[in-house]
Amino acid sequence: MLYEVTIDDQTYRLELVRYEEGWKCRLDGNEVEVNGVLARQDVLSLLIDGNAYEIKRERTPTGIYLSLGSRRYSAEVRDPRSLRGRRRRGDDDQGLKKLLAPMPGIVVRLLLHENAQVEVGQGVLVVEAMKMQNEVQSPKKGVVQKILVDVGAAVNAGDVLAIVE
Amino acid sequence: MFRKILIANRGEIAVRILRACRELGIRSVAVYSEADRAAMHVLSADEAYPIGPALAAESYLNMANILHAAKLSGADAIHPGYGFLSENAKFAQACADARVKFIGPSPASMERLGSKTRARQQMERAGIVVVPGSSRGLHSKEQAAEVAAKIGYPVMLKAAAGGGGKGMRLVEDARQLGSAFETAQSEALRAFGDGEVYLEKAILNPRHIEMQVLADEHGNTVYLGERECSVQRRHQKVLEEAPSPRVDHDLRRRMGEAAVRVAQTGGYSNAGTVEFLVDQDRQFYFLEMNTRLQVEHPVTELVTGLDLVHLQIRIAAQEKLPFGQHDIRLRGHAIECRIYAEDPDNNYFPSPGKISLLVEPSGPGIRHDSGIYEDWTVPSEYDPLLAKLIGYGSDRAQAVARLERALGEYFVGGIKTNLSLFRRILGDADFRAGKIDTGYLGRLLETARSNPDSQPAAIAAIAAGWFAMLDSQAAASGNGSRASTGDASLSGWKRAARFEGVSRIDLGSGRSSHSS
Numbered sequence: 000m001l002y003e004v005t006i007d008d009q010t011y012r013l014e015l016v017r018y019e020e021g022w023k024c025r026l027d028g029n030e031v032e033v034n035g036v037l038a039r040q041d042v043l044s045l046l047i048d049g050n051a052y053e054i055k056r057e058r059t060p061t062g063i064y065l066s067l068g069s070r071r072y073s074a075e076v077r078d079p080r081s082l083r084g085r086r087r088r089g090d091d092d093q094g095l096k097k098l099l100a101p102m103p104g105i106v107v108r109l110l111l112h113e114n115a116q117v118e119v120g121q122g123v124l125v126v127e128a129m130k131m132q133n134e135v136q137s138p139k140k141g142v143v144q145k146i147l148v149d150v151g152a153a154v155n156a157g158d159v160l161a162i163v164e
Numbered sequence: 000m001f002r003k004i005l006i007a008n009r010g011e012i013a014v015r016i017l018r019a020c021r022e023l024g025i026r027s028v029a030v031y032s033e034a035d036r037a038a039m040h041v042l043s044a045d046e047a048y049p050i051g052p053a054l055a056a057e058s059y060l061n062m063a064n065i066l067h068a069a070k071l072s073g074a075d076a077i078h079p080g081y082g083f084l085s086e087n088a089k090f091a092q093a094c095a096d097a098r099v100k101f102i103g104p105s106p107a108s109m110e111r112l113g114s115k116t117r118a119r120q121q122m123e124r125a126g127i128v129v130v131p132g133s134s135r136g137l138h139s140k141e142q143a144a145e146v147a148a149k150i151g152y153p154v155m156l157k158a159a160a161g162g163g164g165k166g167m168r169l170v171e172d173a174r175q176l177g178s179a180f181e182t183a184q185s186e187a188l189r190a191f192g193d194g195e196v197y198l199e200k201a202i203l204n205p206r207h208i209e210m211q212v213l214a215d216e217h218g219n220t221v222y223l224g225e226r227e228c229s230v231q232r233r234h235q236k237v238l239e240e241a242p243s244p245r246v247d248h249d250l251r252r253r254m255g256e257a258a259v260r261v262a263q264t265g266g267y268s269n270a271g272t273v274e275f276l277v278d279q280d281r282q283f284y285f286l287e288m289n290t291r292l293q294v295e296h297p298v299t300e301l302v303t304g305l306d307l308v309h310l311q312i313r314i315a316a317q318e319k320l321p322f323g324q325h326d327i328r329l330r331g332h333a334i335e336c337r338i339y340a341e342d343p344d345n346n347y348f349p350s351p352g353k354i355s356l357l358v359e360p361s362g363p364g365i366r367h368d369s370g371i372y373e374d375w376t377v378p379s380e381y382d383p384l385l386a387k388l389i390g391y392g393s394d395r396a397q398a399v400a401r402l403e404r405a406l407g408e409y410f411v412g413g414i415k416t417n418l419s420l421f422r423r424i425l426g427d428a429d430f431r432a433g434k435i436d437t438g439y440l441g442r443l444l445e446t447a448r449s450n451p452d453s454q455p456a457a458i459a460a461i462a463a464g465w466f467a468m469l470d471s472q473a474a475a476s477g478n479g480s481r482a483s484t485g486d487a488s489l490s491g492w493k494r495a496a497r498f499e500g501v502s503r504i505d506l507g508s509g510r511s512s513h514s515s
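Line by line, the protein sequences give chains C and Z.
Sequential numbering of the first sequence, starting at 0, is according to numbering that gives the first Met the number 0.
Sequential numbering of the second sequence, starting at 0, is according to numbering that gives the first Met the number 0.
Just so you know, the hints here were simulated from the structure itself, not pulled from any lab data.
Values in this document were obtained by computation on a predicted structure and should not be read as measured data.
Every residue gets a Cβ at the ideal spot worked out from N, C-alpha and C, and that includes glycine.
Wrong hints could be hidden among the right ones.
Claimed, not checked - Label-pair ranges, simulated between beta-carbon atoms:
#1 C:Arg39 x Z:Asp249: 51 to 57 angstroms
#2 C:Met0 x Z:Leu444: 40 to 46 angstroms
#3 C:Leu46 x Z:Leu444: 34 to 40 angstroms
#4 Z:Gly433 x C:Asn34: 42 to 48 angstroms
#5 C:Asp149 x Z:Asp172: 45 to 51 angstroms
The following block holds chain Z by itself, in its conformation from the complex (with noise of 0.2 angstroms):
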């Protein structure tokens, strides 16, 4: 077993990471940019090292630096956690060449599986039904028409590096098609370094729904139940939830079965996920395999039991699974609301800054990842994930339950947040129902919001008077606490005015005076 892992990544993945290290009785090194030093994961960790500036570029996606802060840390193991270089196989590589075991799978199965058109070529040969489209990139807008005249309208077009739902493009008809491959390719050059691109018949409102696959490193391979992810906003995942309202017990044997497939002929080990879409008439289409953790990796642990970084640090350390397939049993509903600090009312225009007050959800059912505290700077170089809230029932409407009481709970201050958005999911007929699909989102925030559940304005009114009432309590007082000097609406003199009673203590000598 591992002594020490470094753990490649920050926020609450880095937070998550640790704790399974700390839990295994194995040291933890955080790494972190000049903007994250009083990060948590940094607060949290046995160790910490410097890995560059704010720029991800030059800090977290560093594979330098990063295995800098590997050799002097004497770590033998690293997990890069999601994103950042979690699917990048020279890094895999790299750590490889450096005798420092990479918890995921190997470079040969991650180039194999994470290219997305050579995956679908795998899948192909290994008789996995894919989503019709080409599964080698489109050299030509001409050679791409042609294809996309074969297989019909309406067709995504999508780049081969991409991945996250980033670098997909809807094409309606022939005459869009042109252009639409164009710009795809400049924006896939420009995002991922690749200007591959491909197509694929684009499915009318799939739903997106994706099976946890596990495998150890002596060839043993198990399913551990699928996630449905359809509630997206532009084609980033909001909210997920295990089991999916939609599969039944033998099509998650049919999905479970095909994913260890895929899995298998890529030659996979650790864990990872196949993405699947999944038409009206449940027909399912392989979409792409993620050879990482993934972000909603909970759900599947709240309803398998199961800790998925544990098991990953045991793979990589070369135990065998400890389990089989017919020892895995799902329970109850598990559901996870992705908070980030974005504002809602701005079209979720980042909201980075200092988060000013913090009260966090507990109780029944409640499991919160987070990788924030009161007083932190959320920085503004990186994606604004906060923390997963996450509720957990016997059944649906129970997890459905406790998520919505414990979003009443949640309060974050001095930035914005999303959680009312997830107020409006939860709260919504279609959502409790289970009817939803890759669309259900993009519908919903078209429609009104209907008037909130409004306490009178005059609570608030009284609120108002109240604190003012004490800030000057607390500055006549003379205590100096926070709670006197926040009132914006006093003008200065009057803010001087009230500090007039405010004891000064000389630190030197020890004398106290009062101001004039």
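Chain C with its partners taken away, still in its complex shape (with noise of 0.2 angstroms):
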């Protein structure tokens, strides 16, 4: 099996490849033996070169997080035969990404509007829950192709709230 990874902000690509004794993995081309069983869901064993790796798995409204140690990272898996278009070095990444509400709380801010250009961390809306409030930040640079909800709406937590293409 073949994926892409992105593991915070690094990408890599992955082989998981069948044979007798168990999988045989291949990261950015170089060979890896990995024994893994998961020992309950979303609790993972790794033992690779006689060192044992528990990682712990979120699946959470904004994404999947893995933690190992005391370290969370954020993981995306892509099946790259699924992949619209072509991916050029140098590019920003590539696709639609939805900006999602992390908390169920009230809009009540827009910082940018549709067609904006807008940078990697930078704040698109403003979300308040809780007497605070919590900026929503472009993963990725871009322009916001479309604001979903208007100053005033109510949502909850995996709420789509805007695009950024």
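From these two lone chains plus the hints, build me the complex, please.
In structure tokens, the structure reads:
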């Protein structure tokens, strides 16, 4: 099986090949012997080179996170065969990115309008919950294609607020 | 002894109290708001009664509803826990009027010691050193300015009805006092229903050291050793320990005896805590008394070997203290972390929501007082304290090592918690050396975080792929487990395609069929 995996900002090409004794793994072309077993739902034990790693997965409205030791990474897994269009080196992270509400709240402010340019990490709108305000930021550089909510709208965790292309 | 105790609280403390009831053979009655129907204390209690909507004011603070539940259940005593109605003299009186024993002090001693200004007045009468300041509420900013000028800046403006670190304001010089006074008054009125404000000298970077006292209803009062509670964020305790690294045998005796005098002066019974500020010269000053069981009581339990909730219940049942001051020995060291549903990367914003995964620590020297379980949804209406993790060892270093080890085992998925904060504190050289004061955590949080000990992201990449592979295997094999539905990166059509192989069992006919 072939995957394109993005951990935080870094993307890897991962191949998992079934063989008699288990799975062989090729990470960015380098072969790694991996012994893996799912201990319980969302908890994975990997033995690599004699080292034991316990990885926990969280599936949240804003994406998937993997925790290893005290580190927490955002993770995205894509099947490269389903990619639309070509990806050229040096391009911005391609495809439409949805901005999701991280928690239930009310949209209090739109920081940008549709068709505005946006940088990585730039705030697009502000959601208020429990008397504190939370800036929802763009994960990529691009253009605000669409804003799907008005000021005053009540949103739930996971609701799509805007789309950046 | 009581047959049945109603616990007028929720979360981890309600669970802790009902455990004590079970250990004593007493039936436990839980009360719950609409948001807490599936909360751990409701699941675990012997009986449970609803007391109103989610909002605390309409449920856990609703005296009438709670007393009604007591009547329905036939409870002969009520344990108020901490917070909520635990220091409400009116509630204690209402319990007495309803012939239900309130497990705590009398309403009169609560009033005497609970108002911060009245308590200060009593301490002065009893010859106990208080933080220099005004012992009566200030009625104008001019009077405040006069008092402040006399005791010297910086000063701390405080709400007489406040507590738990709330309603305090530091004023550095005379120019700030006028507006600070007016703001403090209106804030106090809004938060506590009482705008009375007083002043104290602000002691620079003191240590907050409190003394646990216990008194039966026959006049016997003892002190059970101190707790160091200086690790605070915005005046809220975050980590506590017993004993204090700063307190030697002699200081303990002097503070303990002062605390006992405070309790006796106020006619106190049951469990309580006298808070002191200790300055850099190890001078201690009475700050306030908390007329209830405190969040951090486990560290005292571990170093004394006593069960404070058992003792509270026994005292309320008119038993005499089964020991004297000379019987109390401190042994070992205990440190407690308050685990909150908060996001340390977003200004400690509360983080309610569903706990998707919970891995709890255990093993030598670990005590975990928790009110959460996997798949439970943390409600947003209450203080987000999830659990307390306590490490105990034969000395402070061992307690720290055990707690660090346990923090490494602890995982909460689905919501944010402040677990990473404790890893930082316990790894910090000053904390490990016991060099802490009330300014410590503020200083630590201002320094840049050192790069976390990170496993290479490559391991995470392999894990991500592995999970995805397992998900697709699970879907293909048709067991329809949750693992196969969660991968957010799969497009809708792809997810549907994966389910082609899933059998559907028609519950009516018991026949199975394939979806097309």
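Okay, the hints, checked on the actual structure:
A hinted range of 51 to 57 angstroms holds for the C-beta pair Arg39 of chain C and Asp249 of chain Z, which are about 52 angstroms apart. One distance hint, 40 to 46 angstroms for the beta-carbon pair Met0 of chain C and Leu444 of chain Z, holds here, with the actual separation near 44 angstroms. Distance hint check: the CB atoms of Leu46 of chain C and Leu444 of chain Z are about 37 angstroms apart, consistent with the given range 34 to 40 angstroms. Remark: the range hint 42 to 48 angstroms for Gly433 of chain Z to Asn34 of chain C is upheld by a beta-carbon distance near 44 angstroms.
In this structure, Asp149 of chain C and Asp172 of chain Z meet the distance hint of 45 to 51 angstroms, their C-beta atoms being roughly 47 angstroms apart.
Every hint, counting from the list given before, is met by this structure.
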